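**Q** Since the structure of chain U is provided, determine the placement of chain G on it from the hints.
If you read the protein sequences in the order shown, they are chains U and G.
Under full-length UniProt numbering, the final residue of the first sequence carries the number 258; numbering is consecutive throughout.
Under full-length UniProt numbering, the final residue of the second sequence carries the number 252; numbering is consecutive throughout.
Among the hints, erroneous ones may be present.
[Stated by the list, open to error] Pairwise CB distance ranges, derived in the manner of DEER restraints:
1. U:Glu202 x G:Tyr4: 53 to 61 Å
2. U:Met112 x G:Phe238: 54 to 62 Å
3. U:Asp149 x G:Leu50: 34 to 42 Å
[To be verified] In silico lysine to aspartate or glutamate, EDC-like type, Cα no more than 20 Å apart, as pairs:
4. U:Lys206 x U:Asp189
5. G:Lys133 x U:Asp110
6. U:Lys208 x U:Glu22
7. G:Lys24 x U:Asp110
8. U:Lys175 x U:Glu135
9. U:Lys232 x U:Asp73
10. G:Lys133 x U:Asp88
11. U:Lys123 x G:Asp122
These are calculated hints, taken from the structure and not from any lab test.
No experiment lies behind these values; they were computed from the predicted model shown.
Glycine included, each C-beta is placed from N, C-alpha and C at the ideal position.
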Amino acid sequence: MIQEKKNIDTPALPVNEAPIIEITDLHKSFGKNQVLKGVNLIVNKGENLVILGKSGSGKSITIKCVVGLVVADKGKIKVFDTDITKLDNAQLNEIRVRIGFLFQNAALYDSMSVRENLGFTLKRHVTNLSSEELEAQIVEVLESVGLADAIDKMPSELSGGMRKRIGLARTLILKPEIILYDEPTTGLDTITSREISELILEIQKKNKTSSIIITHDMACAKHTADRLMILKDGIIHAEGSYEELEKSDDEWVRSFFI
Amino acid sequence: MIIYLKNTFNDVGKVSLFATRFFKEVFKPPYEFKEFVKQCYVIGYKSLPLVAITGFIMGLVLTLQSRPTLAKFGAESWLPGMVALSLIREIAPVITALICAGKVSSGIGAELGSMKVTEQIDAMEVAAINPFKYLVVTRILATTLMIPILVIFADAIGMLGGYIGVNMHSEINLTRYTSQVFESLAFLDIVPATIKTFFFGFFIGMIGCYKGFTAANGTESVGLAANSAVVTASLTIFIIDMLAVQITDLFF
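Isolated chain U (complex conformation) (with noise of 0.2 Å):
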């Protein structure tokens, strides 16, 4: 069954399985243009949700808003039962280290070396380790996503694929229970977007992970999403599986499947 909606105000919750992120009449506006408009959304525990929707339709800054990086004008984040829109810095910063964020463009530092990238984030968040131990952590976040060899290479010599796969190794090494990807595949080749893709399944089942995937790429959304939701001026206008969205009797929806 499709679930479209102009706004939602309460989503509908499996049995028995409390949501890792709720968030509740989202509204953000940056100047006079406002960009979300009372968005509610949950994500269950170990579900992977896909957001899609037109660029510039607040997709990103919705994710954004859960990790405190936007502050929102308006609405509940509940993030592990906790409202981040009520929190202090360094409280924020807490819940932070439970989730990870992949960025469009992987963000890693340019000045640091890929084992610089990884090291930089596990030395300040787990200080007792020694350097072998250290060590032993990144080459093992570094071969799950099948880059062991890259460990000496600065983020400048890697591909836009490699550069995705050690942000999303960055993420990893603090084990997060949550996963934000920000437009995962964009600007990546048929096959490496694939690949992507089945890394995003495989931590799914392995770390078992929530998360939210904001992506363009129908491939990516079909392969990875267990539930989908399109944004549209500023609420979410359509719930469902990818099977149930794809014959949506709403045209508009029905066109991102073609």
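**A** Here is chain G on its own, set in the frame of chain U:
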């Protein structure tokens, strides 16, 4: 004109808030000591050749240009003392600070600006790492400590340039030259001039960091941040210098 003034005061307010944040963060642990040392190396050690060449030329040219005037009054023997006073009190601190505004402040502005544009600063933030502490505090501390050292280095090299300048037209050995230099210098010539270099260093770092850290999103803003850092830092150096001279005059 009113809009320009409004924007200027707006900027001054934002820089003040930025500086306040620096003083709040600087004493709070954790301390990024390794990054601070790295920045000292980049800002201090890597600027040495540039400061050395400039310092040497300043000393040499100042000596050669002053010589004919002093010769008219038969006061050539005052040349080492005069050059030392001019260099230590004014020329070496200001010129070195201006060179560092060009090299260091623009470098910091461009580096932090590009990190902002490519979301590297956001990446630190979401990883629960304080980017202000890691990027800004370390750089401002490094410039505050390194600029005075570079100025002292420029003073010394400038004296050497002066020695060569004096020897081009007359003959004087290094011991006599050095003793003439130190005879003409008083404690109060050195201390206020050195104190003001800490302020130069602080503002060179702070303006570079502010411009980079608050760069807008887009590659164009990286160039703007670098350019604006140099212009603002250079102007600030002249303003601080003017205030420092007034204050020194008032008390000493």
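**Q** Work down the list of hints and note, for each, if the structure agrees.
**A** Comparing the hints with the structure gives:
1. For the pair Glu202 (chain U) and Tyr4 (chain G), the supplied restraint of 53 to 61 Å holds, since their beta-carbon distance comes to about 57 Å.
2. Remark: the range hint 54 to 62 Å for Met112 (chain U) to Phe238 (chain G) is contradicted by a beta-carbon distance near 37 Å.
3. At roughly 39 Å, the beta carbons of Asp149 (chain U) and Leu50 (chain G) sit within the given window of 34 to 42 Å.
4. A threshold of 20 Å between alpha carbons decides the hint, and for Lys206 (chain U) with Asp189 (chain U) the separation of about 25 Å lies outside it, so the pair is violated.
5. At roughly 18 Å between alpha-carbon atoms, Lys133 (chain G) and Asp110 (chain U) fall within 20 Å of each other, so this suggested pair holds.
6. A distance of roughly 18 Å separates the Cα atoms of Lys208 (chain U) and Glu22 (chain U); the hinted pair therefore holds under the 20 Å criterion.
7. For the hint linking Lys24 (chain G) to Asp110 (chain U), the alpha-carbon distance of about 28 Å lies beyond 20 Å, and the restraint is violated.
8. Restraint check for Lys175 (chain U) and Glu135 (chain U): satisfied, since their Cα atoms lie roughly 16 Å apart, inside the 20 Å limit.
9. Proximity of Lys232 (chain U) to Asp73 (chain U) is assessed by CA-CA distance (about 19 Å); at most 20 Å being required, the pair is judged to hold.
10. This hinted pair checks out: Lys133 (chain G) and Asp88 (chain U) have alpha carbons roughly 17 Å apart, not beyond 20 Å.
11. Proximity of Lys123 (chain U) to Asp122 (chain G) is assessed by CA-CA distance (about 18 Å); at most 20 Å being required, the pair is judged to hold.
Checked against the numbered hints given earlier, this structure breaks hints 2, 4, 7; the rest are met.
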